[in-house]
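J.: So you can see what is in the structure, the chains are spelled out below.
2 protein chains.
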Amino acid sequence: MQTKLLLIVCDGLGDRPVNGVTPLEIANKPNMDTIASEGICGIMDTVRAGIRPGSDTSHLSLFGYDPFKYYKGRGAFEASGTGLKLQKGDVAFRCNFATIKNGRIIDRRAGRIEDGLDEIANDINTIKLKNIEIIFKRGAGHRGVLVFRGKGLSHNVSDVDPENENVPYNICKPLDNSIDARKTAKLVNEFTKETIDILSKHPVNREREGKGKLPANIILCRGAGIKVDMPSFEEKYGMSAACISATTLIKGVCRDVGMDIIDVKGITGHIDSNIANKADAAIKALKRYDFVFLHIKGTDEASHDGDFNSKKSMIERIDKEVIGRILKHLKDIKDITIVLTADHSTPLSIKQHSADPVPIAILGDVRADDVKRFTERDCAKGGLNRICGINLMDIIMDLSNRSKLFGA
Amino acid sequence: MQTKLLLIVCDGLGDRPVNGVTPLEIANKPNMDTIASEGICGIMDTVRAGIRPGSDTSHLSLFGYDPFKYYKGRGAFEASGTGLKLQKGDVAFRCNFATIKNGRIIDRRAGRIEDGLDEIANDINTIKLKNIEIIFKRGAGHRGVLVFRGKGLSHNVSDVDPENENVPYNICKPLDNSIDARKTAKLVNEFTKETIDILSKHPVNREREGKGKLPANIILCRGAGIKVDMPSFEEKYGMSAACISATTLIKGVCRDVGMDIIDVKGITGHIDSNIANKADAAIKALKRYDFVFLHIKGTDEASHDGDFNSKKSMIERIDKEVIGRILKHLKDIKDITIVLTADHSTPLSIKQHSADPVPIAILGDVRADDVKRFTERDCAKGGLNRICGINLMDIIMDLSNRSKLFGA
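Protein chains in written order, with our numbering: chain A, 1319 to 1726; chain B, 1319 to 1726.
If you are wondering where the hints come from, they were derived from the structure by calculation, not from laboratory data. Among these hints, one or two may not hold up.
Put simply, identical chains are the same to the list, so a pair is met inside one copy or across any two.
Unchecked claim - Computed list of lysine-lysine pairs in DSSO-like fashion (alpha-carbon distance at most 30 Å, straight line):
#, residue 1, residue 2
1, LYS1469, LYS1403
2, LYS1722, LYS1504
3, LYS1722, LYS1387
4, LYS1554, LYS1387
5, LYS1554, LYS1390
6, LYS1554, LYS1669
7, LYS1669, LYS1605
8, LYS1446, LYS1511
9, LYS1699, LYS1669
10, LYS1403, LYS1455
This structure is a prediction, so every number in the text was calculated from the model and none was measured.
Could you put together the complete structure from these sequences and hints?
T.: In structure tokens form, the structure reads like this:
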């Protein structure tokens, strides 16, 4: 009797203790604890023990795609996430609209610009570089995606975005000795200069400056990536699959493995997101799809900000508005296996991703253990022990009675 | 906020219960227990579950060098440990000065000979074999190193040393069908005969026999090895690193990965070693190096002797003279991550290495668990669960906030 699968990933959820306690340990989250106490728990290295995962590599791994094989830069997933279809040979970059003054980046988000970006994007698309085509698309907020299309390009080039402020932007450099990498780096540097030229006198910026706002007078590229051929999720697992996420990168990964992307109103990828709508969308999607992936970003955002209370309250919101809602609706449905976990830890003490394993709890036809609370340290005593993210899909395919027999 | 790393390895520390209890379980070791109770604990397969590691393969693995890829015989590390610099194509052997009588090895250590060995070594170096150069160097105690230098040599040959007494020595045999292995085996057998010829009438031996001591009248070779190209520790991890060990083999492994070897007075590699001096040297070295490796051999020696009390009291000495000393000095220093573990188990019941996982405890910015004692069975309940030695460096690089992000 096959079950459907609901995979809930709270981004950056795992932590290290702060004054002896983690946000998961102190948050009031009765519904997560229900999944832990009625299910089987464990800890998981989403990529490999000791490897600090990005959100891209960790999600690839959680979906069963070995990131050491399939990961070729973030840009390609960002492009997919904004709806751009990459072709073979394309190199894609994540971009920020930023503010430069006297040669220094003074705001990497150009005052969190949101208006006028379509006009700016149109003009960026007029930039001509030798022998290649340029496709630029604005994304959410101050973000965009740049694609270089042409022959002899490489994604093995460094970032222009210094990911820091009050410093100059970086000159893009080839990361290997190939002609393609050197050519691509040169094109990126030309592109960057062109954006400064076009944007310095752009009407949108004139208007902003008139209102005392920071101009978006440079486009900063980073995370060069190429599209990689991957077997589709449906080919691999024989399941129809849908993604619910507000995060461009995550939507890109999901789109690239062939999941349907479900649009949900009011979701932002921030701590203010309407996550109850996500839960409702997931409940609805489970009627139509075999596998539903529900991603919530707010926990990671709070972690990067180093804000303990914000992380704790985001966990409490997820517990009530997502997990509680789902448990209530699914209460009498026996044909669903629910997996609650994270893509990586983002300890508040370091405000960045770490390799500390994440807690995981699986509710379904499982060997329920005696773990009562969904926390990093409680789950470490669970019946799953310590597992690896690359094996998760196999494990939950099996627990939902969908696996093929190996042997006879 | 990066921390420094101190890796303390007690050789052969892990055990199986004897009359229900292991030496670690019965020893009085409050300081090790402090690391366990304030840190995160686990058990570790230093090479791979079920693989019985040598001290060479286990240390390679603990340093992050896959021994299945990089291990090519013990001899090369012994040579490096005695200060010999191997060249490409050299084959190196560990050697014992031993006593043979009527064709049988009656003492593999020639009465634990220590005197006159320089003179003997000089004469061994006069041996001429066809087309190859011989380099022989005495080591600590009754040990030495032999290097064959020339073309067409192989390390894939068997041992002459039977590692047993009252038996003849072994004829060296090729372990594959190559011309090189056959040639090398022949040369080893010629060398062995030559040592008997030279040593039978050697003045050092005549004098020993006059005093009723056993003569060193044969050199027994084993552990043929070649030098392997490995990326340096600093290249791999970006850390400066130092080794504190009295054991030739371990120093050889450390030297070959590019660590600095710190000389310490009064250390012997036996249970009588001045290990307090080692602790002081480690404390000092931590000011200068990012990574300090502190190795203590006595626990393994006691295990090979099958001496429960000796192992127990060695553990108590380490606790007091090493761990206590270090904790006292580092008490107020927050920027060090301390790892306490072993390279393999050497159960007293079998007097040899076993694949039983070793206990491990890590003190730093970690998810401290509720393990209170540093023992094999307590640590098995710890928050690290069961890890693999090859992942240890990644794990502790992450915990000391030195890892690179994989992905974005």
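J.: Would you mind marking each hint as holding or not holding in the structure?
T.: Cross-check of the supplied hints:
1. LYS1469 - LYS1403: Only inside one copy: LYS1469 and LYS1403 sit 17 Å apart there, 49 Å across copies, limit 30 Å.
2. LYS1722 - LYS1504: between (50 Å within a copy, 26 Å between copies)
3. LYS1722 - LYS1387: both (23 Å within a copy, 18 Å between copies)
4. LYS1554 - LYS1387: The answer is both: 16 Å in one copy and 21 Å across copies each meet 30 Å.
5. LYS1554 - LYS1390: Both. Shortest intra-copy (20 Å) and inter-copy (21 Å) distances satisfy the 30 Å Cα cut-off.
6. LYS1554 - LYS1669: between (35 Å within a copy, 25 Å between copies)
7. LYS1669 - LYS1605: between (38 Å within a copy, 27 Å between copies)
8. LYS1446 - LYS1511: within (12 Å within a copy, 71 Å between copies)
9. LYS1699 - LYS1669: both (26 Å within a copy, 29 Å between copies)
10. LYS1403 - LYS1455: within (12 Å within a copy, 59 Å between copies)
Violated hints: none; the structure is consistent with every hint.
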